[in-house]
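J.: For the sequence shown, the working numbering puts the final residue at 330, and the numbers step up evenly by one.
Please keep in mind that the hints were generated in silico from the structure rather than gathered at the bench.
Given the structure is predicted, the values throughout are model-derived calculations rather than measurements.
There's no promise every hint is true.
Claimed, not checked - Okay, derived cross-link-like pairs now, EDC-like style, lysine to aspartate or glutamate, Cα gap no bigger than 20 Å in a straight line:
#: 1; residue 1: 260; residue 2: 323
#: 2; residue 1: 174; residue 2: 202
#: 3; residue 1: 226; residue 2: 327
#: 4; residue 1: 226; residue 2: 275
#: 5; residue 1: 295; residue 2: 243
To be verified - DEER-style ranges, computed between Cβ atoms:
#: 6; residue 1: 321; residue 2: 181; range: 57 to 63 Å
#: 7; residue 1: 277; residue 2: 173; range: 22 to 28 Å
#: 8; residue 1: 75; residue 2: 303; range: 50 to 56 Å
#: 9; residue 1: 224; residue 2: 109; range: 35 to 41 Å
#: 10; residue 1: 306; residue 2: 227; range: 29 to 35 Å
#: 11; residue 1: 262; residue 2: 89; range: 37 to 43 Å
Glycine residues also receive a C-beta, built at the ideal position from the N, C-alpha and C atoms.
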Amino acid sequence: MTTSGGKSPLVRIEGVTKRFGEVTAVDGVSLHIDEGEFFALLGPSGCGKTTLMRMLAGFEAPDGGRILLNGQDMAGLPPHQRPTSMMFQSYALFPHLSVEQNIAFGLARQGWARAAIGPRVEEMLSLVRLEGLNRRKPSQLSGGQAQRVALARALAPGPRILLLDEPLAALDRKLREETQLELRALQRRLGVTFLVVTHDQDEAMVMADRIAVMRAGTIAQVGPPKAVYERPASRYVAEFLGEANLFEHGAGWRLVRPEKMSISPVPSPGALQGDVAEVAYFGDRTRYIVEVDGKALLVSRANVGGPLPFQAGDAAWVTYAPEAAVDLAS
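Let the sequences and hints guide you as you build the complete structure.
T.: Written out as structure tokens, the structure reads:
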């Protein structure tokens, strides 16, 4: 297998299956991750994304299929012998160790010379902008600072691929959004391959070069964020990755994203007549819910010049351009 650029991928997952008793957590998954790529496994709880990551890290063994990293079959290779590093959702910092001791811990276990560990720790602290916090304990850190320490510890050994398990779940919304951009910039700067597991569609869209949307242990679709959002392969992907207006269309469905719908207080040819059920103001945009023949349609409109003067109960006409619609087979 080669990438579109002709290079062999860093990670190849070939027909991998994992069962826990009668439950099939991962069901014949195949995909590749390129060198230097920021890749996201996106899906709801229980879809198999974390199990797939744990098999790549070596914490679980596949029941079938192969996982190759840089062309080497990982079967039987323990976590500490793989060129991977994992940042856990809980951060898993040692509470009795200082910041610098937490970052140095893995380096010492890997046999780094003592003279090399100190400079490497300082380099990592600078990288994540935590200079001067060397001697603090985890209990003395904010949530964002603890997340940075966990990231520094995971990056310190110089892994070929960094595995991030829901890395921003514990942060508040504003800090999470800021950290998404910081992680993306850091990954580009370092050139290290990042694989993130998340259930947050916005997180995956902002950070990843490519997204694999998972469903019940299988891959529903893989592609760049824009391609998956604009051209979902199924109703499941359309509804999971963003908001969706879905209309029955033949044997399948027709998708129109809310931002591609238009709303007007006056009728126009082909427009659907309804009543405004809800108006939600978000600053940069306003979302309208319009009831049309018992169906709730979502319309998202940028507030250029201010929101439209609609209130709940007002009559409204909604429409969309033909090229805004995407037909789905299922």
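J.: All the hints need checking, so say for each whether the structure fits it.
T.: Hint check results:
1. Under the criterion of a C-alpha separation no larger than 20 Å, the hint pairing residue 260 with residue 323 is consistent with the structure, at around 10 Å.
2. Annotation: proposed proximity of residue 174 to residue 202 holds, straight-line Cα distance about 13 Å (limit 20 Å).
3. Restraint check for residue 226 and residue 327: the C-alpha separation of about 17 Å stays at or below 20 Å, so the hint holds.
4. Annotation: proposed proximity of residue 226 to residue 275 is violated, straight-line Cα distance about 32 Å (limit 20 Å).
5. Straight-line distance between C-alpha atoms of residue 295 and residue 243 comes to about 15 Å, which keeps the hinted pair within the 20 Å bound.
6. For residue 321 and residue 181, the Cβ-Cβ distance of about 32 Å falls outside the hinted range of 57 to 63 Å, so the restraint is violated.
7. Our hint of 22 to 28 Å for residue 277 and residue 173 holds, since their Cβ atoms are close to 26 Å apart.
8. Here the CB-CB span from residue 75 to residue 303 is close to 55 Å, well matched to the stated 50 to 56 Å.
9. Taken as a hint, the range 35 to 41 Å holds for the pair residue 224 and residue 109, whose Cβ atoms sit roughly 37 Å apart.
10. Between residue 306 and residue 227 the Cβ separation comes to about 33 Å, which falls inside the hinted range of 29 to 35 Å.
11. Hint check: residue 262 to residue 89, Cβ distance near 41 Å, so the stated range 37 to 43 Å holds.
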